[in-house]
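Q: Protein chains in written order, with this note's numbering: chain A, 59 to 377; chain B, 4 to 317.
Each hint should be verified, as a subset may be incorrect.
[Claimed, not checked] Simulated crosslink set (SDA-like; lysine to any residue; CA at most 20 Å straight-line):
no., chain 1, residue 1, chain 2, residue 2
1, A, Lys182, B, Leu34
2, A, Lys182, B, Ile26
3, A, Lys91, B, His127
4, B, Lys91, B, Ser217
5, A, Lys182, B, Tyr281
6, A, Lys91, B, Lys209
7, A, Lys312, B, Cys138
8, A, Lys121, B, Cys138
9, A, Lys91, B, Ser217
10, A, Lys91, B, Phe222
11, A, Lys91, B, Gln220
12, A, Lys91, B, Lys99
13, B, Lys209, A, Leu88
14, A, Lys182, B, Ala302
15, A, Lys312, B, Met311
16, A, Lys312, B, Ile26
17, A, Lys236, B, Tyr281
18, B, Lys91, B, Thr177
19, A, Lys182, B, Ala33
20, A, Lys121, A, Asn344
21, A, Lys91, B, Tyr281
22, A, Lys312, A, Tyr243
23, B, Lys209, A, Ser83
24, A, Lys312, B, Phe136
25, A, Lys238, A, Gly323
26, A, Lys342, B, Cys138
27, B, Lys99, B, Leu296
28, A, Lys342, B, Ile26
29, A, Lys342, B, Leu34
30, A, Lys236, B, Glu201
31, A, Lys182, B, Ala36
32, A, Lys236, B, Tyr255
33, A, Lys312, B, Ala150
34, A, Lys121, B, Thr151
35, A, Lys121, B, Lys209
No lab work stands behind these hints: they were computed from the structure.
This structure is a prediction, so every number in the text was calculated from the model and none was measured.
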Amino acid sequence: MSTVAETQIKLTPEHDARPGASVRSRLQDLLPKIVLAPSFAATIVFVYGFILWTIYLSFTNSKTFPSYDITGARAYQRLWRWTFESDPPSSWYTSITNMGIFGFLYIGICLALGLFLAILLDQKIRGEGVLRPIYLYPMALSFIVTGVAWKWFLDPGLGLEQTLHQWGWTSFHFDWIKNKDFVIYTVVIAGVWQASGFIMAMFLAGLRGIDGEIMKAAQIDGATTFQLYRRIVIPLLRPVFLSAFIVLAHLAIKSYDLVVALTSGGPGGSAWLPSNFMYEFTFKRNEMAVGSASAVIMLMTLTAIIVPYLYSELREKPR
Amino acid sequence: MSAVTSPARQASSGMSARTINRIVIYGLLALFAIFYLMPLFVMLVTSFKTMDEIQNGNMLALPQSPTIEPWFKAWGQTCVGLTCAGIKGYFWNSIKMVVPAVLISTLLGALNGYVLTKWRFRGHTLVFAMMLFACFIPFQSVLLPMATILGSIGRFGVTLQNATGFNFGLGNSTVNLVFVHVVYGLGFTTLFFRNYYEAFPTELIKAAQVDGASFFQIFRRIMLPNSMPIFVVTVIYQFTNIWNDFLFASAYAGTGDVMPMTVALNNVVNTSTGVVEYNVNMAAAMIAALPTLIVYVVAGRYFVRGLMAGAVKG
């Protein structure tokens with residue numbers, strides 16, 4: 059799995075010391091950097107420069123159009139005040155509460171379900187080649203298609219509820235998608251449906267990488283299947299847990315499309331995540347500074363998760 | 004990893020326990036298979052039903068009198084916003100955006116990966132780390148400045164148009180989206196190629212250098228012919244991501260006939276005027292899903308490998 063590991067075989071272009079060392083060979087030396095330069099420059103400008111620009115905007119009082127007079131941290135003060143405005147909930151309160159619920163359940167269920175399915179599939183299953191792609195294909199679909207499909211499936215008048223009524227279970231009631239208190243859980247269902255198969259594949263790859271000898275030794279020592287998994291296999295899968303967590307956390311914070319397609323924001327914006335908050339405030343409610351401030355908060359949250367991870371991955375590994 | 008039920012335990016608890024065990028495992032696996040297939044199944048059967056059958060029938064029932072009409076309607080007649088010319092135009096918008104964006108970002112990624120592994124310089128790790136981090140930012144944090152810049156470029160394009168009669172693609176939504184997807188896709192493509200070339204024997208490059216091969220000659224003659232697998236992985240990954248993108252598409256090409264497929268589909272489904280034609284909606288969703296689904300069916304192995312590589316940075 060770890061491929062960033064550095065092979066420090068360095069290839070220094072031969073420096074020609076002869077007096078005739080021409081412009082051409084100097085150019086050859088510079089060429090690699092020239093090739094890399096546009097990409098790196100684009101990253102500097104369009105990623106880091108734009109992030110600084112967004113941070114700058116968050117300290118202005120930009121409304122419909124950007125304004126470049128710094129007016130202090132008003133946008134952040136408003137977000138801070140809204141953070142505690144729970145009755146009636148402010149849009150920001152709803153967004154971050156939803157983020158907590160969604161993030162916790164989405165990551166938790168995907169990890170648990172992914173591990174569970176991977177363990178089941180690892181029991182020498184006939185037809186694994188058929189099942190694996192079935193579990194995984196939702197990852198190829200866009201959030202929009204996923205949202206459309208589940209919107210239909212969860213619609214009380216058309217989908218699951220209606221179907222069960224027709225089958226005679228008339229007391230069955232399932233209207234979460236129209237209920238402002240529960241709509242966020244439908245986003246969890248659709249999100250888990252889409253990503254859990256992929257997490258399964260990650261765990262399966264991890265399981266297949268475990269040395270069979272360790273397992274045999276444990277079995278000879280009389281470990282039950284349950285003990286085997288709890289004490290030996292799952293601890294060995296720690297790196298996979300970490301990678302899967304990073305992937306899921308990253309997907310969760312970026313989730314935007316799914317809420318739009320599945321719930322159109324939910325009744326009264328009750329399904330919003332911070333990403334929806336940002337989009338709505340920036341482009342629809344003409345509160346550009348507040349939108350920017352919320353984007354900065356999203357970025358900081360993600361940075362807090364990603365940077366330590368990247369640092370540990372890119373660090374020169376002792377070998 | 005080997006099967007978990009050891010021979011010793013089988014013998015002591017008898018065959019029946021093992022059989023029950025297997026039945027439970029297969030039962031669970033089948034149940035989950037149903038869970039994953041259900042929404043696709045419902046979408047598919049609904050897209051072949053008449054409206055009458057949808058309103059009076061069961062969601063899970065197969066179409067009584069299958070009709071392909073909804074697919075034609077979705078493709079050529081359904082209303083997206085106020086225009087009722089189907090989704091075909093938007094489908095082509097997506098194609099026109101995806102193809103150049105994938106090719107450019109993949110090629111740049113290959114070159115970057117080549118430089119970052121075989122022509123290292125001081126600070127190459129930092130450069131790579133900065134490009135890598137860019138993959139993970141929430142795009143909300145660059146959305147607004149990019150909108151401003153694209154707006155200015157568009158106005159400049161209009162000026163050019165007036166002055167020269169040609170705008171050189173400035174302000175064109177497709178060009179804008181290609182640009183945006185290339186810029187924000189570079190991190191991943193570079194990552195893929197860097198990790199792949201890392202394992203490529205450096206001795207070969209050295210030998211070629213001694214023979215006098217130049218930077219680009221080595222790339223073309225030695226690296227490229229040996230990069231097929233990673234090209235497939237990267238192209239599939241980029242194709243899926245860009246085809247499925249909604250945030251950039253809705254922010255920079257969210258109205259009119261320049262919308263890509265995802266935005267158009269969302270508009271079709273959320274149009275509240277008139278009778279909602281569910282069968283047409285589902286057909287439209289299927290059409291939007293088909294390109295990536297086909298790629299997945301044809302090249303699933305590479306698709307998964309790309310996801311893994313993108314997921315597991317290290």
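Q: Take the hints in turn and mark each one as holding or not.
A: For each hint, the structure was consulted:
1. The suggested pairing of Lys182(A) with Leu34(B) holds, with an alpha-carbon distance near 18 Å, which does not exceed 20 Å.
2. Between the alpha carbons of Lys182(A) and Ile26(B) the distance comes to roughly 13 Å, so the proposed pair stays at or under 20 Å and holds.
3. Between Lys91(A) and His127(B) the alpha-carbon distance is near 10 Å, which keeps this suggested pair within the 20 Å criterion.
4. Our distance criterion of 20 Å between C-alpha atoms is broken by Lys91(B) and Ser217(B), whose separation comes to about 46 Å.
5. Between Lys182(A) and Tyr281(B) the CA atoms are separated by roughly 42 Å; this puts the pair beyond 20 Å, and the hint is violated.
6. Straight-line distance between C-alpha atoms of Lys91(A) and Lys209(B) comes to about 18 Å, which keeps the hinted pair within the 20 Å bound.
7. Between the alpha carbons of Lys312(A) and Cys138(B) the distance comes to roughly 12 Å, so the proposed pair stays at or under 20 Å and holds.
8. Restraint check: the Cα-Cα separation between Lys121(A) and Cys138(B) comes to about 29 Å, which exceeds 20 Å; the hinted pair is violated.
9. Simply put, Lys91(A) and Ser217(B) have alpha-carbon atoms about 14 Å apart, close enough for the 20 Å limit, and the pair holds.
10. Proximity of Lys91(A) to Phe222(B) is assessed by CA-CA distance (about 15 Å); at most 20 Å being required, the pair is judged to hold.
11. Restraint check for Lys91(A) and Gln220(B): satisfied, since their Cα atoms lie roughly 16 Å apart, inside the 20 Å limit.
12. A hinted pair counts as satisfied when its Cα atoms are at most 20 Å apart, and Lys91(A) with Lys99(B) does not qualify at roughly 31 Å.
13. Between the alpha carbons of Lys209(B) and Leu88(A) the distance comes to roughly 17 Å, so the proposed pair stays at or under 20 Å and holds.
14. This hinted pair does not check out: Lys182(A) and Ala302(B) have alpha carbons roughly 24 Å apart, beyond 20 Å.
15. Between the alpha carbons of Lys312(A) and Met311(B) the distance comes to roughly 18 Å, so the proposed pair stays at or under 20 Å and holds.
16. Between Lys312(A) and Ile26(B) the alpha-carbon distance is near 40 Å, which puts this suggested pair outside the 20 Å criterion.
17. Annotation: proposed proximity of Lys236(A) to Tyr281(B) holds, straight-line Cα distance about 18 Å (limit 20 Å).
18. Distance restraint check for Lys91(B) and Thr177(B): the Cα-Cα separation of roughly 16 Å lies within the 20 Å cut-off, and the hinted pair is therefore satisfied.
19. Distance hint between Lys182(A) and Ala33(B) is fulfilled; the C-alpha atoms sit about 15 Å from each other, no more than 20 Å.
20. Restraint check for Lys121(A) and Asn344(A): the C-alpha separation of about 5 Å stays at or below 20 Å, so the hint holds.
21. A distance of roughly 54 Å separates the Cα atoms of Lys91(A) and Tyr281(B); the hinted pair therefore is violated under the 20 Å criterion.
22. Taken as a hint, the Lys312(A) and Tyr243(A) pair is honoured in the structure, with Cα atoms around 17 Å apart against an allowance of 20 Å.
23. At roughly 16 Å between alpha-carbon atoms, Lys209(B) and Ser83(A) fall within 20 Å of each other, so this suggested pair holds.
24. A hinted pair counts as satisfied when its Cα atoms are at most 20 Å apart, and Lys312(A) with Phe136(B) qualifies at roughly 14 Å.
25. Between Lys238(A) and Gly323(A), the direct Cα distance comes to roughly 10 Å. Compliance with the 20 Å bound is thereby established for this hinted pair.
26. With a CA separation close to 27 Å, the supplied pair Lys342(A) and Cys138(B) exceeds the 20 Å bound.
27. A C-alpha spacing of about 19 Å is found between Lys99(B) and Leu296(B), which places the hinted pair at or below 20 Å, so the restraint holds.
28. At most 20 Å may separate the alpha-carbon atoms for a hinted pair to count; Lys342(A) and Ile26(B) exceed this at roughly 54 Å.
29. Among the hinted pairs, Lys342(A) with Leu34(B) is inconsistent with the structure: their alpha-carbon atoms are about 43 Å apart, more than 20 Å.
30. Between the alpha carbons of Lys236(A) and Glu201(B) the distance comes to roughly 51 Å, so the proposed pair goes past 20 Å and is violated.
31. Proximity of Lys182(A) to Ala36(B) is assessed by CA-CA distance (about 17 Å); at most 20 Å being required, the pair is judged to hold.
32. Distance hint between Lys236(A) and Tyr255(B) is unfulfilled; the C-alpha atoms sit about 30 Å from each other, more than 20 Å.
33. Of the pairs offered as hints, the one joining Lys312(A) and Ala150(B) holds, with about 19 Å between alpha carbons and a cut-off of 20 Å not exceeded.
34. Our distance criterion of 20 Å between C-alpha atoms is met by Lys121(A) and Thr151(B), whose separation comes to about 14 Å.
35. A threshold of 20 Å between alpha carbons decides the hint, and for Lys121(A) with Lys209(B) the separation of about 58 Å lies outside it, so the pair is violated.
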